[in-house]
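Take the sequences, apply the hints, and build the full model.
Below, each chain spelled out in residue letters.
Protein chains: 2
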Amino acid sequence: MSLVVIGSVAFDALETPFGKTDKIIGGAATYISLSASYSVKPVKLVAVVGDDFPQSDIALLQQHGADTEGLQIKQGEKSFFWSGKYATDLNSRETLVTELNVLADFDPILPDSYQDCKYLMLGNLTPQTQRLVIQRLVNRPKLIVMDTMNFWMDIALEDLKTTIEMVDVLSINDEEARQLSGQHSLVKAAKIILEMGPKYLIIKKGEHGALLFDKKQVFFAPALPLEEVFDPTGAGDTFAGGFIGYLAATDDISFENMKRAVVHGSAMASFCVEKFGTERLLNLSQEEIEAREQQFADLVAVMPATVAAS
Amino acid sequence: MSLVVIGSVAFDALETPFGKTDKIIGGAATYISLSASYSVKPVKLVAVVGDDFPQSDIALLQQHGADTEGLQIKQGEKSFFWSGKYATDLNSRETLVTELNVLADFDPILPDSYQDCKYLMLGNLTPQTQRLVIQRLVNRPKLIVMDTMNFWMDIALEDLKTTIEMVDVLSINDEEARQLSGQHSLVKAAKIILEMGPKYLIIKKGEHGALLFDKKQVFFAPALPLEEVFDPTGAGDTFAGGFIGYLAATDDISFENMKRAVVHGSAMASFCVEKFGTERLLNLSQEEIEAREQQFADLVAVMPATVAAS
Chain A
1 MSLVVIGSVA
11 FDALETPFGK
21 TDKIIGGAAT
31 YISLSASYSV
41 KPVKLVAVVG
51 DDFPQSDIAL
61 LQQHGADTEG
71 LQIKQGEKSF
81 FWSGKYATDL
91 NSRETLVTEL
101 NVLADFDPIL
111 PDSYQDCKYL
121 MLGNLTPQTQ
131 RLVIQRLVNR
141 PKLIVMDTMN
151 FWMDIALEDL
161 KTTIEMVDVL
171 SINDEEARQL
181 SGQHSLVKAA
191 KIILEMGPKY
201 LIIKKGEHGA
211 LLFDKKQVFF
221 APALPLEEVF
231 DPTGAGDTFA
241 GGFIGYLAAT
251 DDISFENMKR
261 AVVHGSAMAS
271 FCVEKFGTER
281 LLNLSQEEIE
291 AREQQFADLV
301 AVMPATVAAS
Chain B
1 MSLVVIGSVA
11 FDALETPFGK
21 TDKIIGGAAT
31 YISLSASYSV
41 KPVKLVAVVG
51 DDFPQSDIAL
61 LQQHGADTEG
71 LQIKQGEKSF
81 FWSGKYATDL
91 NSRETLVTEL
101 NVLADFDPIL
111 PDSYQDCKYL
121 MLGNLTPQTQ
131 RLVIQRLVNR
141 PKLIVMDTMN
151 FWMDIALEDL
161 KTTIEMVDVL
171 SINDEEARQL
181 SGQHSLVKAA
191 KIILEMGPKY
201 LIIKKGEHGA
211 LLFDKKQVFF
221 APALPLEEVF
231 DPTGAGDTFA
241 GGFIGYLAAT
251 DDISFENMKR
261 AVVHGSAMAS
271 FCVEKFGTER
281 LLNLSQEEIE
291 AREQQFADLV
301 AVMPATVAAS
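If you're matching them up, the sequences are chains A and B in order. Position one of the first sequence corresponds to residue 1 (full-length UniProt numbering), numbered consecutively onward. Position one of the second sequence corresponds to residue 1 (full-length UniProt numbering), numbered consecutively onward.
A hint or two may mislead.
The list makes no distinction among identical chains, and a pair is therefore deemed to hold if it is satisfied within one copy or across any two copies.
Claimed, not checked - For lysine-lysine, the following DSBU-like pairs were computed, each having C-alpha atoms within a straight-line distance of at most 30 angstroms:
| id | residue 1 | residue 2 |
| --- | --- | --- |
| 1 | Lys118 | Lys74 |
| 2 | Lys41 | Lys118 |
| 3 | Lys205 | Lys118 |
| 4 | Lys41 | Lys205 |
| 5 | Lys216 | Lys275 |
| 6 | Lys275 | Lys188 |
| 7 | Lys20 | Lys188 |
| 8 | Lys275 | Lys191 |
| 9 | Lys78 | Lys142 |
| 10 | Lys191 | Lys118 |
| 11 | Lys191 | Lys205 |
| 12 | Lys188 | Lys85 |
| 13 | Lys205 | Lys259 |
| 14 | Lys215 | Lys205 |
| 15 | Lys215 | Lys275 |
| 16 | Lys188 | Lys205 |
| 17 | Lys259 | Lys216 |
| 18 | Lys205 | Lys216 |
| 19 | Lys205 | Lys78 |
| 20 | Lys142 | Lys191 |
| 21 | Lys188 | Lys74 |
| 22 | Lys205 | Lys275 |
Derived by calculation from the structure, the hints in this document are not laboratory data.
Next comes the structure, spelled out in structure tokens:
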């Protein structure tokens, strides 16, 4: 039942209307593995950092269930760094700095102990790097989930499509679904994208929830209306980590169970945005998580009129 | 159990990416009463048109359950006319023409037969005109629902607040909720608006669904992901008509029943946008409506893991 996660482990510097941070731990694989760790342990990490990455941050990942055998530490090199500033409504952000550093020539080496991989989460990276991980696994995992972003649609579309064809679940946001399909209607976009290879498509709509499609069905999970959104960084990755963690823990990839995984991922993401960076993901209790999932269920629950009347 | 609806009955000329119309029947009260008529008849209409308004359109309203005793026909005057053009993604529209005509000095006269009003729907009009209707009813209705728009927040905010204070349910869209409250977070916006007088607030988010708040609870109804949205005109009014029609038919204003009314209103609105103007609202069957409501229920339905496992 092993879960392998590949993606960036990095430094982020964030600025929101509510404050700013110096370099803090960030990166897709960081959020994914922290989020997944509430469902399943270990989370086998494939990533690369420089020798500037603090041992204490690596220990933090380990304390939260990460197996870091696949985490490469490049001596004399620097970790990936991203800095961004959010607009007042938090709905758009400006990238201030992107320093690829160690990510520029990342070769994802899989330790032998990762070959039992049954669930594979491909966090956002170059499509070629994501593909290499699939190719380096001797046995194809039971489920491959892939996250990506518009950047690769802009500069490496054909390469991206080659990787998309190899995965089971693609997770992107609404604007990316429109860009990838050339269709404004998300229903039409889903049909086109599902012809590209994946059996399932998740369209993340941020504060407007998430849609799960296969060729026959659609499911919608709302986002929880929150009083305060403090920092949206990592919300999509936290969603993805919660999603695949739930599936790995239950080892059930039916559409019905994927719905539950989407709700669980949405709940995890709703925690993530409540504080800066990874902070809110570090000390959650199962009780808090279950209570939050119940809030999602209550939000859309309607008692049938016939039952109510009886 | 009488339902009274006040609002515009008008001519619209519409242009969307999918085509354009000449002057066709439109107006808030038209959409509200057509939509409500699938739940309750008659719908007692309070509105005004000019002598240019075709008898055939009045007959159309009557055939769909409207009591037109309160529909004034002003000889020698012209009907309210609005013309608009939608952007490619249908999410924004430009007003090309607004001719107030008969609406400029509309005095909403209530026939005696309307004094049994139990459910009152105030469609978008000047806040003063909406207020006059409440004042002219001898007995306060059991439930007053009010729709309005940002235009009145811009030019008549204090007047608007006076009317808002008198109603039970306020129905506005997300941008209007933000403008009225001065808060970006819809949860915070709802708290502030519910302090202004209404017991319930509906925030319409178009393709992203609708929220229903009271001081203690929140309910979310998604919008149905549609393959084609042809013309969004009237969707909000169709929602409101479905909402109050459902409540009037069931005569139950509990929060639980309001949830069902929101789902019903959302289903009615999902039909409205499938064709130009009122066309799709003219020949719906109860079977179609129930099937659509079931689609809304299925869209968010998650079987609990424990039930699925048993």
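Okay, the hints, checked on the actual structure:
1. With identical chains, the CA atoms of Lys118 and Lys74 are at most 30 angstroms apart within one copy only, with a shortest distance of 28 angstroms there and 74 angstroms across copies.
2. For the homomeric pair Lys41 and Lys118, the shortest alpha-carbon distance inside one copy (13 angstroms) is at most 30 angstroms, but the shortest distance between copies (59 angstroms) is not.
3. Taking identical chains as interchangeable, the C-alpha atoms of Lys205 and Lys118 lie at most 30 angstroms apart only when both belong to the same chain, with a minimum of 28 angstroms there against 40 angstroms between chains.
4. Within a single copy, Lys41 and Lys205 get their C-alpha atoms as close as 28 angstroms, which meets the 30 angstroms cut-off; across copies the closest is 39 angstroms, which misses it.
5. Within a single copy, Lys216 and Lys275 get their C-alpha atoms only as close as 38 angstroms, which misses the 30 angstroms cut-off; across copies the closest is 25 angstroms, which meets it.
6. When the C-alpha separation of Lys275 and Lys188 is checked against a cutoff of 30 angstroms, the pair qualifies only between copies, where the shortest distance is 18 angstroms, while the shortest distance within a copy is 36 angstroms.
7. In this homomeric assembly, Lys20 and Lys188 come within 30 angstroms of each other (Cα to Cα) only across copies, at 23 angstroms, whereas the closest approach inside a single copy is 39 angstroms.
8. Proximity of Lys275 and Lys191 under a CA criterion of 30 angstroms is satisfied inter-copy only: 22 angstroms between copies versus 36 angstroms inside one chain copy.
9. Taking the closest pair of Cα atoms, Lys78 and Lys142 never come within 30 angstroms of each other, the shortest separation being 35 angstroms inside a single copy and 68 angstroms across copies.
10. Taking identical chains as interchangeable, the C-alpha atoms of Lys191 and Lys118 lie at most 30 angstroms apart only when both belong to the same chain, with a minimum of 27 angstroms there against 47 angstroms between chains.
11. Taking identical chains as interchangeable, the C-alpha atoms of Lys191 and Lys205 lie at most 30 angstroms apart whether they share a chain (17 angstroms) or sit on different chains (24 angstroms).
12. Proximity of Lys188 and Lys85 under a CA criterion of 30 angstroms is satisfied inter-copy only: 23 angstroms between copies versus 33 angstroms inside one chain copy.
13. With identical chains, the CA atoms of Lys205 and Lys259 are at most 30 angstroms apart both within one copy (16 angstroms) and between copies (23 angstroms).
14. For the homomeric pair Lys215 and Lys205, the shortest alpha-carbon distances inside one copy (20 angstroms) and between copies (27 angstroms) are both at most 30 angstroms.
15. Taking the shortest Cα distances, Lys215 and Lys275 sit within 30 angstroms of each other only across copies (26 angstroms), while inside one copy they are farther apart (37 angstroms).
16. Taking the shortest Cα distances, Lys188 and Lys205 sit within 30 angstroms of each other both inside one copy (16 angstroms) and across copies (21 angstroms).
17. Taking the shortest alpha-carbon separations for Lys259 and Lys216, both the intra-copy value of 14 angstroms and the inter-copy value of 28 angstroms come in at or below 30 angstroms.
18. Proximity of Lys205 to Lys216 under the C-alpha cut-off of 30 angstroms is found in both arrangements, the shortest distances being 21 angstroms within a copy and 26 angstroms between copies.
19. Taking the closest pair of Cα atoms, Lys205 and Lys78 never come within 30 angstroms of each other, the shortest separation being 33 angstroms inside a single copy and 44 angstroms across copies.
20. Taking CA atoms no more than 30 angstroms apart as the test, Lys142 paired with Lys191 passes inside one copy only; the shortest distance there is 23 angstroms, against 47 angstroms between copies.
21. Taking identical chains as interchangeable, the C-alpha atoms of Lys188 and Lys74 are never at most 30 angstroms apart, the minima being 44 angstroms within one chain and 47 angstroms between chains.
22. With identical chains, the CA atoms of Lys205 and Lys275 are at most 30 angstroms apart both within one copy (20 angstroms) and between copies (26 angstroms).
When each numbered hint is compared with the structure, violations occur for hints 9, 19 and 21.
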